[in-house]
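Student: This is what each chain is made of:
2 protein chains.
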Amino acid sequence: MTYCAGLLLNDGVVLASDTRTNAGLDNIATFSKMRIWERPGDRVVVLLSAGNLAVSQAVATLLDERAETEAPEGETLFTATSMFQVARLVGAVVREVRQMDGEALEAMSESFSATFLLAGQIEGGQVRLFQVYAAGNFIEATQDTPFLQIGEHKYGKPILDRVATMDMAPAEAAKLLLLSFDSTLRSNLSVGMPIDLMIYRKDALKVELKRRYEADDAYFKKISESWSEALRSSFGSVPDFEI
Amino acid sequence: MTYCAGLLLNDGVVLASDTRTNAGLDNIATFSKMRIWERPGDRVVVLLSAGNLAVSQAVATLLDERAETEAPEGETLFTATSMFQVARLVGAVVREVRQMDGEALEAMSESFSATFLLAGQIEGGQVRLFQVYAAGNFIEATQDTPFLQIGEHKYGKPILDRVATMDMAPAEAAKLLLLSFDSTLRSNLSVGMPIDLMIYRKDALKVELKRRYEADDAYFKKISESWSEALRSSFGSVPDFEI
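For the protein sequence lines, the chains are S and G, in the order given. Start counting the first sequence at 387; every next residue gets the next number (this note's numbering). Start counting the second sequence at 387; every next residue gets the next number (this note's numbering).
Hints listed in this document are in silico derivations from the structure and should not be mistaken for laboratory results. Worth double-checking, as some hints may not be accurate.
Any copy, or any two copies together, can satisfy a pair, since identical chains are not distinguished.
[Said to hold, decoys possible] Below, simulated EDC-like cross-link-like pairs (lysine to aspartate or glutamate); rule was C-alpha separation at most 20 Å, straight line:
#1 K592 x D547
#2 K607 x E558
#3 K608 x E558
#4 K608 x D412
#5 K607 x E628
#6 K596 x E451
#7 K588 x E509
#8 K596 x D626
#9 K596 x E492
#10 K607 x D450
#11 K607 x D582
#12 K608 x E492
#13 K608 x D547
#14 K608 x E628
#15 K608 x D487
#16 K596 x D397
#17 K592 x D450
#18 K588 x E611
#19 K592 x D397
#20 K607 x E424
#21 K596 x E628
#22 K588 x D553
Since the model is a prediction, treat every value here as computed from it, not as a measurement.
Given the sequences, and given the hints that come with them, work out the whole structure.
Tutor: Below, the structure written as structure tokens:
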């Protein structure tokens with residue numbers, strides 16, 4: 387399993403992903419699920435993935451190889467002219483991988499599962515946040531629902547539902563995502579530390595912060611304990627049971 | 387979908403269930419999922435159900451019909467001598483219904499799904515809380531994990547994980563379950579009001595409270611708003627983001 391979440395803000399976008407992959411409970415490993423393509427002054431593109439690791443790695447590697455080609459045949463992450471075009475490109479590569487591997491996966495009764503969060507900004511455009519499905523189509527975060535989640539999204543959703551808004555400061559949104567991860571980590575073993583966090587500030591056209599939170603991270607521990615404490619005291623402050 | 391939860395306490399047990407059943411998003415209805423068999427001074431048995439409504443109704447009706455028979459052939463809810471025996475009885479009836487209907491359900495590609503929470507006390511015994519599976523086997527709540535949930539359990543689990551303990555007073559536990567339902571109702575449309583809540587106090591051998599919370603219930607609204615408010619202010623009280 388996996389948990390990735392992104393929150394679109396008036397001032398940018400904040401994204402976080404866990405790093406646990408597992409093939410059964412007795413076979414877990416650490417893989418980063420966050421990839422960043424950055425060309426300072428021109429664009430920042432971030433891709434987070436959930437689902438079959440082979441599928442998501444294949445998608446990222448194809449995107450990567452083509453982006454690095456000096457004279458590519460088609461559009462790449464670095465030549466696309468808008469984030470919408472980038473989302474279409476990611477969708478097209480997902481379909482390409484499905485064409486390569488889908489049949490063999492299905493023959494083994496494995497499903498072709500992969501979902502992506504895609505965010506970023508290209509010079510002259512807006513900061514945008516998309517969720518790309520295994521079918522290659524996608525949706526976009528808006529004012530009404532500024533956050534998107536993939537993977538094990540349920541445990542970490544109540545806090546986002548109540549607190550997330552587009553006018554949060556990036557640092558506030560980062561704290562919120564970390565607390566959403568904390569709730570998920572407590573309840574689902576297949577989501578695991580370390581957590582990768584990324585902050586992008588509107589119009590910066592470079593990554594503001596990319597940080598990994600290890601299991602013993604002092605700040606993460608502090609907010610986790612403080613949040614538990616605050617929840618328990620909040621519970622006490624809610625009006626007592628009346629018949 | 388459904389959400390039911392039970393919390394075992396040193397002083398008794400508290401249980402709650404929603405009332406929404408659906409066959410597709412365009413076909414929803416209200417059915418109580420909480421059944422109580424009470425013989426004051428002798429026993430209180432409560433059964434909550436999730437899963438296929440036909441299956442859970444069949445199980446409850448068989449249990450009920452036999453309990454009401456004057457000279458029953460085998461053990462019934464009113465003749466069983468311990469809550470463990472009651473759990474075995476419920477499991478046996480689940481298997482019986484599976485034998486009757488399982489094949490036909492599978493032929494229609496419908497799964498035989500049903501899970502139950504079972505709680506109560508019989509004179510001379512302890513208050514106990516069980517979860518009975520579709521296979522008819524069961525587990526029991528203990529000091530380590532005093533709460534059990536069936537149905538859509540994820541959204542309402544973070545608050546239980548952090549707050550639930552066996553030494554809570556029944557009224558406190560009732561407030562906690564209602565807040566756990568509030569989180570679930572906000573995130574999953576297939577879980578719906580009204581909510582049935584039941585409080586049983588140890589050694590009372592009669593129901594202390596059975597109460598239905600309708601959508602416009604003043605207390606439920608009050609704690610729901612107060613909890614949202616408290617969560618937002620708790621979020622503010624957690625240490626600010628540090629790099």
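Student: State for each hint whether it applies.
Tutor: We went through each hint and held it up to the structure:
{"no.": "1", "hint": "K592 x D547", "verdict": "neither (29 Å within a copy, 39 Å between copies)"}
{"no.": "2", "hint": "K607 x E558", "verdict": "within (17 Å within a copy, 28 Å between copies)"}
{"no.": "3", "hint": "K608 x E558", "verdict": "within (15 Å within a copy, 27 Å between copies)"}
{"no.": "4", "hint": "K608 x D412", "verdict": "neither (30 Å within a copy, 46 Å between copies)"}
{"no.": "5", "hint": "K607 x E628", "verdict": "between (36 Å within a copy, 12 Å between copies)"}
{"no.": "6", "hint": "K596 x E451", "verdict": "neither (22 Å within a copy, 64 Å between copies)"}
{"no.": "7", "hint": "K588 x E509", "verdict": "within (10 Å within a copy, 67 Å between copies)"}
{"no.": "8", "hint": "K596 x D626", "verdict": "between (43 Å within a copy, 17 Å between copies)"}
{"no.": "9", "hint": "K596 x E492", "verdict": "neither (37 Å within a copy, 50 Å between copies)"}
{"no.": "10", "hint": "K607 x D450", "verdict": "neither (35 Å within a copy, 51 Å between copies)"}
{"no.": "11", "hint": "K607 x D582", "verdict": "within (15 Å within a copy, 38 Å between copies)"}
{"no.": "12", "hint": "K608 x E492", "verdict": "neither (45 Å within a copy, 51 Å between copies)"}
{"no.": "13", "hint": "K608 x D547", "verdict": "between (23 Å within a copy, 18 Å between copies)"}
{"no.": "14", "hint": "K608 x E628", "verdict": "between (35 Å within a copy, 11 Å between copies)"}
{"no.": "15", "hint": "K608 x D487", "verdict": "neither (44 Å within a copy, 53 Å between copies)"}
{"no.": "16", "hint": "K596 x D397", "verdict": "within (17 Å within a copy, 50 Å between copies)"}
{"no.": "17", "hint": "K592 x D450", "verdict": "within (18 Å within a copy, 67 Å between copies)"}
{"no.": "18", "hint": "K588 x E611", "verdict": "neither (31 Å within a copy, 33 Å between copies)"}
{"no.": "19", "hint": "K592 x D397", "verdict": "within (14 Å within a copy, 58 Å between copies)"}
{"no.": "20", "hint": "K607 x E424", "verdict": "neither (30 Å within a copy, 47 Å between copies)"}
{"no.": "21", "hint": "K596 x E628", "verdict": "between (48 Å within a copy, 13 Å between copies)"}
{"no.": "22", "hint": "K588 x D553", "verdict": "within (13 Å within a copy, 50 Å between copies)"}
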